[in-house]
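Got chain B; can you put chain F on it based on the hints?
Order-wise, the sequence lines are chains B and F. Mapping of the first sequence onto our numbering: residues 1 to 250, in sequence order. Mapping of the second sequence onto our numbering: residues 1 to 325, in sequence order.
Worth flagging that the hints you see were computed from the coordinates, not collected in a lab. Careful, some of the hints might be misleading.
Beta-carbon label-pair distances, calculated as ranges [stated by the list, open to error]:
| # | chain 1 | residue 1 | chain 2 | residue 2 | range |
| --- | --- | --- | --- | --- | --- |
| 1 | F | Phe11 | B | Asn121 | 20 to 30 Å |
| 2 | F | Leu146 | B | Asp142 | 49 to 59 Å |
| 3 | B | Ser138 | F | Ala161 | 33 to 43 Å |
Just so it is clear, CB atoms sit at the ideal spot from N, CA and C, and this is done for glycine as well.
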Amino acid sequence: MEDESILSVKDLCKAFGGVQANSYVNYEMISGELSAIIGPNGAGKSTFFNLLTGYHLVDSGKVYFKGRDITNWAPHRITRLGISRAFQVSNIYPRLTTYENVRQAILAQQRRTLNLFVPANQLARQDTFELLEVAGLSQHADMLAGNLSQGDKKRLELAIALGSRPELLFLDEPTAGMSGEETHDTMELVARLNQEMGLTILFTEHDMSVVFGYARRLTVLHLGSVIAEGTPEDVRTNDEVQRVYLGEEA
Amino acid sequence: MKRMWWLALVFIVVLILPLITGEFWVHVLVEILILGLFAASFNMIFGYMGQLSFGHAAYYGVGAYATGLLMVKGSVPLPICLLASMIVAGLCALILGYFCVRLTGIYFAILTLAFGQLIYYIIFQWYSFTGGDDGLQGIIPPDVLLSANAYYYFTLIIVVAALIAIWRISESPFGYTMRAIRENTERTRFIGINIRRYMLINFVIAGIFAGLAGALWGPFNRSIAPDLCTWHQSGIPVFMTVIGGPFNFFGPMVGSVIYTFLMAFVTGFTEYWPLTIGLIITCVVLFMPGGVLGLCEKKIRVFRSRAPQLDPIETTEGKSSGYGG
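Next comes chain B alone, as it looks inside the complex (with noise of 0.2 Å):
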């Protein structure tokens, strides 16, 4: 089962106006994965994930998830089907706490979101407290979401996203915003989703040095294309990389 390909994206192209977001991109995931993307800002990493997700229509190209083409599948299809997503800024119910903000992602992937006559607090207290907990966000489950400091925001995007009990999780940017030390319990609970719940991970960034310490593979983008892969070793060492990436950073 290990070797299962997940994911599958051909030739994948979108533009924006003129602009070329992505260009024939293909990338290819195996189940169990921890893979980043990375590129600087601009270079159509959240595009791409927005293609992938249903949120954009493609112009042209095929996305497979476990063989089945879901290319411009609706998102929530797309989400039952078993990808699931936390977006670059928090992007969560300001006005419900944190505690429906978790159980209203719980309940939509048990199929009860359309059950009309049961109060919606006798269900899912259990899974809702639990994730609450893996996302370290207990001690605020009565407090109203929009009240959540940056970082606990993200940490209850990342939340809303693993209620879906996806297999396949994109992150983009997931510890944009966030203290150092917010950072690296933020990475260390995505390395723990993957390693202990063996969910495939990929996720975005643009800071070199969080991607370098996770991801066992990278893959560089850099103006809508796909210009370098490979293991964070094989990519530091790239010249096209170093010199489009790297240069820019010093």
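The following block gives chain F in isolation, referenced to the frame of chain B:
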């Protein structure tokens, strides 16, 4: 539990009120109940789903006409008429809502308004069936409900039952999904919810309860007219909900109490009722954007000096997501 005491107190007052007031005020009370249910059904769309329907009177009017026609032309017993009104209004909401839920915001409001007016013109023009602008007369409730007090208690039972049902729905996973759609439609899509389908179901349920409210109106007023479907009528639940507070379950009912009592009172000595309500709405929107109950909640919160909460009217942050870079 504190809340239960309040409810019990209100319920006792509501039970004995018609016994100590004159018939005119009993009529006002019935009107409060019917319009309160109408507003509560509207608020399923406005407060919980976050969309402004400006054509909700269509379903209210269709409900009223279903019962009116069945009673006048078919002498069908009232309970069956009420049920039929709910079904007909629900079907109507299903057909029109199918198109409305494709849009959001101002476009949703405009389309609901347009469909509302469409229903109005159909009823207005269809003389042979609906009586056109002559309306329908002689909708007489069964003998046991002929007195003002009897009809009041009958309406009270139906409206309370309907409000309990709406309350249950609002607290169910479906109700929370509506809040989720209101708060962040995009996120809700990405937890696997088919937004349009859920919005349509909610639209239909709201239409069903509006139909029930409309059905209660005919036998109370003894006649109905096409104005029940106009956009003026659609404005009433909007006003009531804004006055009472859209983010509280009891907001529409409180709004109905204020609006209907004021109207009964003010029209007693001046014809400038529209001006009066216009000024009131302006003041509410400017000075207490959460409505009367929103203001009360805020005061209670300050009184208890708990942790600062988000203002209920504050628009959602975190709504935009990262689709840059």
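Here is how each hint holds up against the structure:
Checking the proposed 20 to 30 Å range against F:Phe11 and B:Asn121 shows it holds: the Cβ atoms sit about 24 Å from each other. F:Leu146 and B:Asp142 have their C-beta atoms about 52 Å apart, which keeps the hinted 49 to 59 Å range intact. Restraint check, B:Ser138 to F:Ala161: a C-beta distance of roughly 39 Å satisfies the suggested window 33 to 43 Å.
Violated hints for the displayed structure: none, as all numbered hints are satisfied.
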